[in-house]
Amino acid sequence: MTVYREKFQDELESLISECIKLGKECHKRLARAVEILVADDIEEARNLVKADVEINKMEAAINAHSINLITTQAPVASDLRLIISCIKIADDLERIGDNIGNIAEVRKRIKITNERTLLRFKTMERLASLMLEDVYTAFKEKDIDLLHEIITRDQDIDAVFVQITTSDIFEESDAFLTGQIQLTAKYLERIGDHIKSIAEHIYFIQTGEQYEKNKYQ
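Residues in the sequence shown are numbered from 1 upward in steps of one, following UniProt numbering.
Quick caveat, the hints were computed from the structure, so don't treat them as lab data.
Among the hints, erroneous ones may be present.
Said to hold, decoys possible - With a cut-off of at most 20 Å between alpha-carbon atoms, the simulated PhoX-like pairs for lysine-lysine come out as follows:
| no. | residue 1 | residue 2 |
| --- | --- | --- |
| 1 | Lys21 | Lys111 |
| 2 | Lys142 | Lys111 |
| 3 | Lys140 | Lys24 |
| 4 | Lys108 | Lys186 |
| 5 | Lys142 | Lys213 |
| 6 | Lys122 | Lys24 |
| 7 | Lys21 | Lys140 |
| 8 | Lys24 | Lys88 |
| 9 | Lys122 | Lys108 |
| 10 | Lys21 | Lys50 |
| 11 | Lys28 | Lys50 |
| 12 | Lys21 | Lys142 |
| 13 | Lys142 | Lys88 |
| 14 | Lys50 | Lys108 |
| 15 | Lys50 | Lys24 |
| 16 | Lys57 | Lys21 |
| 17 | Lys122 | Lys28 |
| 18 | Lys57 | Lys28 |
| 19 | Lys140 | Lys88 |
| 20 | Lys111 | Lys122 |
| 21 | Lys142 | Lys24 |
| 22 | Lys57 | Lys88 |
| 23 | Lys186 | Lys111 |
| 24 | Lys122 | Lys186 |
As the list claims (entries may be wrong) - Label pairs and their in silico Cβ distance ranges:
| no. | residue 1 | residue 2 | range |
| --- | --- | --- | --- |
| 25 | Glu172 | Thr72 | 48 to 58 Å |
| 26 | Lys122 | Gln9 | 34 to 44 Å |
| 27 | Glu13 | Ala175 | 44 to 54 Å |
| 28 | Thr207 | Thr178 | 41 to 51 Å |
| 29 | Thr207 | Ala31 | 28 to 38 Å |
Built from N, CA and C at the ideal position, the CB exists for glycine as well.
Whole structure, please, built from the sequences with the hints as guidance.
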């Protein structure tokens with residue numbers, strides 16, 4: 001029984017490693033998202049869109065691994081909680097990849113040059129990148145307080161999104177450009193939402209409870 005349990009534990013660790021690898025890939029791509037918007041050459045934007053296939057494959061592999069563990073290993077409640085949460089985390093990461101690809105699609109259509117708007121985008125990107133980095137730290141160190149902080153910090157991204165969509169866009173006279181700015185802001189805002197969701201999944205892994213904001217008020 002001990003050998004069986006050790007082998008199963010190794011499988012769980014492998015599944016976690018796959019999720020971490022997917023998270024790092026998304027983090028790497030997120031760091032380039034806003035720079036692509038101002039690049040003179042749209043080739044990088046095209047490559048980023050094409051590369052989303054790799055993100056999808058990584059998510060599919062995590063799902064297949066998770067289902068195999070559930071159907072063949074009969075995991076106990078705590079292990080099942082981890083496996084199901086990995087499926088959900090992979091889904092959120094895949095959606096982050098989709099939104100990064102969508103930002104690259106914007107660059108294929110238009111180049112955004114307004115410095116104030118680009119600064120707002122960079123702020124949203126940086127806030128999201130820091131959240132994603134801290135999610136990994138909170139998971140590794142089992143830091144519940146940091147998870148709560150990450151979830152709360154999504155409000156900062158939302159605040160910049162509101163600033164862009166209710167104020168900055170009115171500086172532009174080109175309706176098509178205005179629409180592309182709104183789309184980009186929305187994609188970045190959704191990335192923040194998905195990272196918040198990942199933090200909530202990790203909270204569930206570590207506590208066995210659904211995250212409830214009022215517990216921290």
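Against the structure, the hints come out as follows:
For the hint linking Lys21 to Lys111, the alpha-carbon distance of about 31 Å lies beyond 20 Å, and the restraint is violated. Restraint check for Lys142 and Lys111: the C-alpha separation of about 42 Å exceeds 20 Å, so the hint is violated. Taking the CA atoms of Lys140 and Lys24, the gap is near 14 Å; set against the 20 Å cutoff, the hint holds. Distance hint between Lys108 and Lys186 is fulfilled; the C-alpha atoms sit about 17 Å from each other, no more than 20 Å.
Of the pairs offered as hints, the one joining Lys142 and Lys213 holds, with about 18 Å between alpha carbons and a cut-off of 20 Å not exceeded. Pair hint Lys122 plus Lys24 holds up; C-alpha atoms about 19 Å apart against a cutoff of 20 Å. With a C-alpha separation of about 14 Å, the suggested pairing of Lys21 with Lys140 holds against the 20 Å cut-off. For the suggested pair Lys24 and Lys88, the alpha carbons sit about 16 Å apart, so the restraint of at most 20 Å is met.
Of the pairs offered as hints, the one joining Lys122 and Lys108 holds, with about 19 Å between alpha carbons and a cut-off of 20 Å not exceeded. With a C-alpha separation of about 19 Å, the suggested pairing of Lys21 with Lys50 holds against the 20 Å cut-off. Simply put, Lys28 and Lys50 have alpha-carbon atoms about 15 Å apart, close enough for the 20 Å limit, and the pair holds. This hinted pair checks out: Lys21 and Lys142 have alpha carbons roughly 19 Å apart, not beyond 20 Å.
Taking the CA atoms of Lys142 and Lys88, the gap is about 19 Å. The hint holds against a cut of 20 Å. Among the hinted pairs, Lys50 with Lys108 is consistent with the structure: their alpha-carbon atoms are about 12 Å apart, no more than 20 Å. Straight-line distance between C-alpha atoms of Lys50 and Lys24 comes to about 18 Å, which keeps the hinted pair within the 20 Å bound. Under the criterion of a C-alpha separation no larger than 20 Å, the hint pairing Lys57 with Lys21 is consistent with the structure, at around 12 Å.
Between Lys122 and Lys28 the CA atoms are separated by roughly 15 Å; this keeps the pair inside 20 Å, and the hint holds. About 17 Å separates the Cα atoms of Lys57 and Lys28, which keeps this hinted pair within 20 Å; it holds. The straight-line distance between the Cα atoms of Lys140 and Lys88 is roughly 18 Å, inside the 20 Å bound, and the hint therefore holds. Distance hint between Lys111 and Lys122 is fulfilled; the C-alpha atoms sit about 15 Å from each other, no more than 20 Å.
With a C-alpha separation of about 19 Å, the suggested pairing of Lys142 with Lys24 holds against the 20 Å cut-off. Between Lys57 and Lys88, the direct Cα distance comes to roughly 15 Å. Compliance with the 20 Å bound is thereby established for this hinted pair. Restraint check for Lys186 and Lys111: the C-alpha separation of about 17 Å stays at or below 20 Å, so the hint holds. Restraint check for Lys122 and Lys186: the C-alpha separation of about 13 Å stays at or below 20 Å, so the hint holds.
Taken as a hint, the range 48 to 58 Å holds for the pair Glu172 and Thr72, whose Cβ atoms sit roughly 56 Å apart. Between Lys122 and Gln9 the Cβ separation comes to about 42 Å, which falls inside the hinted range of 34 to 44 Å. Take Glu13 and Ala175: their Cβ atoms lie about 52 Å apart, and the range 44 to 54 Å holds. Taking 41 to 51 Å as the suggested C-beta distance range, the pair Thr207 and Thr178 conforms, at roughly 44 Å.
Against the hinted window of 28 to 38 Å, the Cβ-Cβ separation of Thr207 and Ala31 comes to about 31 Å, which satisfies the hint.
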